[in-house]
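*Asks:* Sequence:
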Amino acid sequence: MSDPLPPTSSPATDTDDTEEESALLFARCSPATTDAAAKSKSTSGLPKDGSPPNLPSSHLAYRHLVISLSTSCIIGLLLLFVGRWVYLEKIEPRLSAAAIAAPSSASTAAASPASVSPDTKLREELAKSAEHIAALEKQVDVMRREQLLMQQKTRESLENISATLKIPELAPAPGAPVTSQPGTPRMADMKPQVTPTQEEFIQLKERNRLTQYADEAIATGQRRPVEVLVEYMRDPQLPHLHDAAQAEYLRAIRAIQLLQREDPGYRLPVAELFKDGSIRDEADVTPAALLKLLSDYKLSWEVRVRVCFLLLSSPLPETNAQLIKSIKEDPSLDVAKHAQLALEQRVKKRFRLFDIPAIEEWFQSQGK
1 MSDPLPPTSS PATDTDDTEE ESALLFARCS PATTDAAAKS KSTSGLPKDG SPPNLPSSHL
61 AYRHLVISLS TSCIIGLLLL FVGRWVYLEK IEPRLSAAAI AAPSSASTAA ASPASVSPDT
121 KLREELAKSA EHIAALEKQV DVMRREQLLM QQKTRESLEN ISATLKIPEL APAPGAPVTS
181 QPGTPRMADM KPQVTPTQEE FIQLKERNRL TQYADEAIAT GQRRPVEVLV EYMRDPQLPH
241 LHDAAQAEYL RAIRAIQLLQ REDPGYRLPV AELFKDGSIR DEADVTPAAL LKLLSDYKLS
301 WEVRVRVCFL LLSSPLPETN AQLIKSIKED PSLDVAKHAQ LALEQRVKKR FRLFDIPAIE
361 EWFQSQGK
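Counting with the numbering used here, you get residues 1 to 368 for the letters of the sequence shown.
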């Protein structure tokens, strides 16, 4: 068998193939044609109707999630900024104004019982109690001030009444009763009218004065307050004060008897008392010089007390008389007490303290 012959083409077909090859070669050498070819290759995978390519579902879900989160964040930020602006511009000014205008008591009452702690309630009650106590103290101070003023006025009135009663010119003169005929006019007797309450106030005032005299005698050791008490005891016009004056007198004398004002180690300042330098120690002082020091009331009472002790061994006959004089006249009760102690040791006889009538009676009996 003979081989099959290739198909023969027509001359027209060969001419067309030659032209196509020439055009293809020209297109490959041209830049514009190259760009068009690349573009045609890149778009060759797209559908011809212009629809998007068929991407995977996971890629689409991821993109949707990102978009949703971004949108939520943007909306949240917008709401946050809007809320803050509304609070700062609208709500906060109203709250500040309400807090300034409302008193503290209203705010405390508006608070709920559950939100207030027991300590806070206790503090509030204590604060209210303190305010109430302060108000009461002010009222008490005012009442005390008024009471003191009233007492002062009453005291002044009683002193005026007491002074009036003691004026002898105002007392009615004793005389025969004046008889008048019926129908004859006469002047009424002038007598100060004192109520029982006023009399009681006067007596209390005088009793307080007696107590002050006794206190002064105990505190200072002076004789003058005791002499005033003795005058009250002997005043016939004040019989209602005799017992009170005697009680205060005994209280003052008892205190003087028990008190020890002098220093046990005290010695005479001979350098000051005897400036001539002739005496250097108190043992060298003569009895006559001691009696002279005892009668000098300008010296310190401690000097006279020490002189009374040094006169125990004095041989002078006038020593007892000088000691009795000190008991009666020395302005210091401490000196008078030590003078009586020295006299008792010298004569070996005891007397009641400041019993001057008994001492004088004994001294006169010794002279006989």
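Do not rely on the hints blindly, as some may be mistaken.
What the hints assert, rightly or not - Only pairs whose alpha carbons sit at most 20 Å apart, straight line, appear in this in silico SDA-like list of lysine to any residue:
hint: 1; residue 1: K325; residue 2: L353
hint: 2; residue 1: K325; residue 2: L293
hint: 3; residue 1: K325; residue 2: Y266
hint: 4; residue 1: K205; residue 2: Q257
hint: 5; residue 1: K328; residue 2: Y266
hint: 6; residue 1: K348; residue 2: P331
hint: 7; residue 1: K298; residue 2: P317
hint: 8; residue 1: K205; residue 2: V285
hint: 9; residue 1: K298; residue 2: Y266
hint: 10; residue 1: K348; residue 2: F309
hint: 11; residue 1: K325; residue 2: V347
hint: 12; residue 1: K325; residue 2: D284
hint: 13; residue 1: K348; residue 2: E302
hint: 14; residue 1: K153; residue 2: I218
hint: 15; residue 1: K128; residue 2: R144
hint: 16; residue 1: K138; residue 2: T154
hint: 17; residue 1: K292; residue 2: I324
hint: 18; residue 1: K349; residue 2: E318
hint: 19; residue 1: K153; residue 2: T195
hint: 20; residue 1: K349; residue 2: P331
hint: 21; residue 1: K153; residue 2: K205
hint: 22; residue 1: K328; residue 2: I218
hint: 23; residue 1: K292; residue 2: K328
hint: 24; residue 1: K153; residue 2: Q198
As the list claims (entries may be wrong) - Computed beta-carbon distance windows for the label pairs:
hint: 25; residue 1: L136; residue 2: K328; range: 19 to 27 Å
hint: 26; residue 1: G367; residue 2: L312; range: 15 to 23 Å
hint: 27; residue 1: P357; residue 2: R209; range: 38 to 46 Å
hint: 28; residue 1: Q198; residue 2: L312; range: 26 to 34 Å
hint: 29; residue 1: Q198; residue 2: Y297; range: 15 to 23 Å
No lab work stands behind these hints, which were simulated from the structure alone.
Computed from a prediction, not measured in an experiment: that's the story for all the values here.
C-beta atoms are modelled at their ideal positions from N, C-alpha and C, and glycine is treated no differently.
*Asks:* Which of the listed hints are not met by the structure?
*Replies:* 3, 4, 5, 6, 7, 8, 12, 13, 14, 15, 16, 20, 25, 27, 28 and 29
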